[in-house]
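Dock chain B against the given chain A, drawing on the hints supplied.
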Amino acid sequence: MTKANTIADLQRGERAIIKSFTEVDVPLKLIEMGCIEGNYVEVLQRAPMQDPIYLNISGTYLAIRLEVASKILVEKL
Amino acid sequence: MSDIRVALIGNPNTGKTSLFNRLTGLNQKVGNYPGITVDKKTGISKIDQNTSAEIIDLPGTYSLNASSMDEDVAVKVLSDKNNDNYPDLVVVVVDIENLKRNLFIFTQIKDLGLPTILAINMADQMTLKGIDIDIPKLESLLETKIALVSSKQNKGLSYLKKLIASYKTVSTKPCFIEQETVLSKFAKDEKKKHHLETVRRYQFLKKTLEKTYTQDPQNAKDIRTFLDRILIHRIYGYLIFFGILFMVFQALFSWSEIPMDFIDSTFATLSELTRTHLPQGIFTNLLAEGIIPGIGGVVIFIPQIAFLFLFTSFLEESGYMSRVVFLMDRIMKRFGLSGKSIVPLISGTACAIPAIMAARNIESWKERLITILVTPFTTCSARLPVYAIIISLIIPAEATFLSFNVQGLVLMALYLLGFFTAIIAAAILDKVLKIASKSYFVVEMPNYKLPLFKNVAYNVIEKTKAFVFEAGKIILAISILLWVLASYGPGNEMQNATEHIQNNHPNYSDEKQQTEIASYKLEHSYIGVMGKFIEPVIKPLGYDWKIGVAVITSFAAREVFIGTLATIYSVGNEQESTIKERMRNEVFSDTKKPVYSFATGVSILLFYAFAMQCMSTIAIVKRETNGWKWPLIQMFVMSGLAYITALIAYQTLS
Numbered sequence: 001m002t003k004a005n006t007i008a009d010l011q012r013g014e015r016a017i018i019k020s021f022t023e024v025d026v027p028l029k030l031i032e033m034g035c036i037e038g039n040y041v042e043v044l045q046r047a048p049m050q051d052p053i054y055l056n057i058s059g060t061y062l063a064i065r066l067e068v069a070s071k072i073l074v075e076k077l
Numbered sequence: 001m002s003d004i005r006v007a008l009i010g011n012p013n014t015g016k017t018s019l020f021n022r023l024t025g026l027n028q029k030v031g032n033y034p035g036i037t038v039d040k041k042t043g044i045s046k047i048d049q050n051t052s053a054e055i056i057d058l059p060g061t062y063s064l065n066a067s068s069m070d071e072d073v074a075v076k077v078l079s080d081k082n083n084d085n086y087p088d089l090v091v092v093v094v095d096i097e098n099l100k101r102n103l104f105i106f107t108q109i110k111d112l113g114l115p116t117i118l119a120i121n122m123a124d125q126m127t128l129k130g131i132d133i134d135i136p137k138l139e140s141l142l143e144t145k146i147a148l149v150s151s152k153q154n155k156g157l158s159y160l161k162k163l164i165a166s167y168k169t170v171s172t173k174p175c176f177i178e179q180e181t182v183l184s185k186f187a188k189d190e191k192k193k194h195h196l197e198t199v200r201r202y203q204f205l206k207k208t209l210e211k212t213y214t215q216d217p218q219n220a221k222d223i224r225t226f227l228d229r230i231l232i233h234r235i236y237g238y239l240i241f242f243g244i245l246f247m248v249f250q251a252l253f254s255w256s257e258i259p260m261d262f263i264d265s266t267f268a269t270l271s272e273l274t275r276t277h278l279p280q281g282i283f284t285n286l287l288a289e290g291i292i293p294g295i296g297g298v299v300i301f302i303p304q305i306a307f308l309f310l311f312t313s314f315l316e317e318s319g320y321m322s323r324v325v326f327l328m329d330r331i332m333k334r335f336g337l338s339g340k341s342i343v344p345l346i347s348g349t350a351c352a353i354p355a356i357m358a359a360r361n362i363e364s365w366k367e368r369l370i371t372i373l374v375t376p377f378t379t380c381s382a383r384l385p386v387y388a389i390i391i392s393l394i395i396p397a398e399a400t401f402l403s404f405n406v407q408g409l410v411l412m413a414l415y416l417l418g419f420f421t422a423i424i425a426a427a428i429l430d431k432v433l434k435i436a437s438k439s440y441f442v443v444e445m446p447n448y449k450l451p452l453f454k455n456v457a458y459n460v461i462e463k464t465k466a467f468v469f470e471a472g473k474i475i476l477a478i479s480i481l482l483w484v485l486a487s488y489g490p491g492n493e494m495q496n497a498t499e500h501i502q503n504n505h506p507n508y509s510d511e512k513q514q515t516e517i518a519s520y521k522l523e524h525s526y527i528g529v530m531g532k533f534i535e536p537v538i539k540p541l542g543y544d545w546k547i548g549v550a551v552i553t554s555f556a557a558r559e560v561f562i563g564t565l566a567t568i569y570s571v572g573n574e575q576e577s578t579i580k581e582r583m584r585n586e587v588f589s590d591t592k593k594p595v596y597s598f599a600t601g602v603s604i605l606l607f608y609a610f611a612m613q614c615m616s617t618i619a620i621v622k623r624e625t626n627g628w629k630w631p632l633i634q635m636f637v638m639s640g641l642a643y644i645t646a647l648i649a650y651q652t653l654s
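Which chain is which? The protein sequence lines are A and B, in order. Heads up: the first sequence begins at 1 in UniProt numbering, then just goes up one per residue. Heads up: the second sequence begins at 1 in UniProt numbering, then just goes up one per residue.
Chain A with its partners taken away, still in its complex shape (with noise of 0.2 Å):
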């Protein structure tokens, strides 16, 4: 077993996918926007100073800030 991930910890362009995380640390939009368990998650590109991060979850484009991103365990593929 690795240590556990978190969508922070991935690297541009590793894709992963979604483990779990809690609802009162990611915002319920978020969420509705295909950030749920089981979806996969790509790392696009991080913004200087690596933070907000540019996802690509299932299909939706969208930015967070790593303060989530941090929040949200993961399992590489």
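Hints are computed from structural coordinates only; laboratory data are not their basis. Note that this is a predicted model, so its numbers are computed, not measured. Among the clues, some could well be false.
[As the list claims (entries may be wrong)] In silico lysine to aspartate or glutamate, EDC-like type, Cα no more than 20 Å apart, as pairs: (1) B:Lys438 / A:Glu23; (2) A:Lys29 / B:Glu190; (3) B:Lys81 / B:Asp111.
[As the list claims (entries may be wrong)] Ranges of calculated distance between the beta carbons of each label pair, as one might list FRET restraints: (4) B:Val637 / A:Lys71: 32 to 38 Å; (5) B:Ser254 / A:Lys71: 47 to 53 Å; (6) A:Glu75 / B:Arg623: 44 to 50 Å; (7) A:Val24 / B:Asp222: 32 to 38 Å.
Backbone N, C-alpha and C define an ideal beta-carbon position, used for all residues, glycine too.
Here is chain B on its own, set in the frame of chain A:
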């Protein structure tokens, strides 16, 4: 009267508004939902020979779990049968490339039991992106009717209209049965419930789309990857952004100069014609000295505001604005703002009112509040006439610095001053305000697309119209009031003016006597009395009572400053001369030194850079923050800062 009421709803960036424009053409109007500031767009569409439909364009939203005012409107309209706007049919607009996420809201609406049909937009992208959809199968799985449309190429609209016409046959069966009992067992809190509901809706959609939708991944790669590589590059990205900003401002000023000069001279001529061609009397005076200059003062802003709206809507429609938000977020966060604050800060250079409304999509309340509080520092176009005239009075037109025109440099410096004050104020507020809020920040990065001319044009016309009528009402009212206050006064002093001057200065020439009489009258009018009353307060800033009057009246709106001075200097003054000449010739009544000296000029510039001289902004801040607390704090802090800086400037320079 229309026969069918149709609500148009969908995610942002699905081309919903383009479709609305296609359906309704110029037959649309913008109103307000009762009690809130969310725009209500409705239009009439001719469905067939005998039928017409009223189309309501609901605000773009990702779901019906309202998290903002805009989304709340959609929920209220759709869920309440007694709502005035309750539709006969809902058309959900989705983007063909993002079907799964776009259909999410479709399932929610369907569950409300409303007749719902689907318009799959951007169908022109199908072959390019290698997309294949089994429409009949999707129709039966979702229990709805589907129209494939392309608002860009104007295709599929007649079929969509046919579906709208037969709205009575559309199924109202929910496609997703809410398992309330299961839910409540799991979920203690509301948000967990929404989370579970979301997961189940997506499971349903995944299953549905697996059977009906395929996309060849080879073709999925698009222009996005290429453009993103350049536009949000860590170096080029910023260079391009600042390059675009620079070009926008250059264009804004050079392009709008010609129409503005034209408007200015047209209104001056109009005023003059009124005076010479209408019979003399109170009404003619009111028209020539109050109403016409007042309207002119609003109309003159149209070119600049329209150009600014043109640029911002172009940047937003193309998808570029989201990239700027992405690039700037980290920097703005340092100052307690959000990347999304960049939109209000840029729009604020046209007008703070739409800018403050644009802060609505900032998720964190603290960041949104700070954005609302600092946006009025950015140099809005209402400051421009004040700046322009004062700069031209205190700095010679020929002056150059490193071969740049100094007048232009000073104007640029004032813009920078506004922007940096906003940023610094934000940083201070970030430290001072103790509001716990999460940095919830989600920005969709839409596909790049060439903006449709029609959409941009509608947007510009709509927003310019709103500005002109909103600001116009206030300015017109004030100019009439001003004229009255300047034409009448307490007691008999005004009637005695002629006698008084003739007795005291019998050896003056006729012309000189006329001017003296006019200024004596003004001094003893209601407005003169008011100006004199506040003179002690503003004297240390280098202003006389006439400027004082202009400061008071321009509390309603900054541009009123010049209009007021124009009225004050022209009441009873029959000669035709420009306002600038009159200002240049003004002298202090005691010292006989020119009023508009360098020190006073700088003091006025600084005062208007900082002071919260805009009633409409105060009103909008009150609405957006739900109370008087923030607008009042904002007003006192800004105006206090304005007074102190103007005082320091005048006292050191004079």
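We went through each hint and held it up to the structure:
no., hint, verdict
1, B:Lys438 / A:Glu23, "holds, 13 Å"
2, A:Lys29 / B:Glu190, "holds, 14 Å"
3, B:Lys81 / B:Asp111, "holds, 14 Å"
4, B:Val637 / A:Lys71: 32 to 38 Å, "holds, 36 Å"
5, B:Ser254 / A:Lys71: 47 to 53 Å, "holds, 49 Å"
6, A:Glu75 / B:Arg623: 44 to 50 Å, "holds, 46 Å"
7, A:Val24 / B:Asp222: 32 to 38 Å, "holds, 36 Å"
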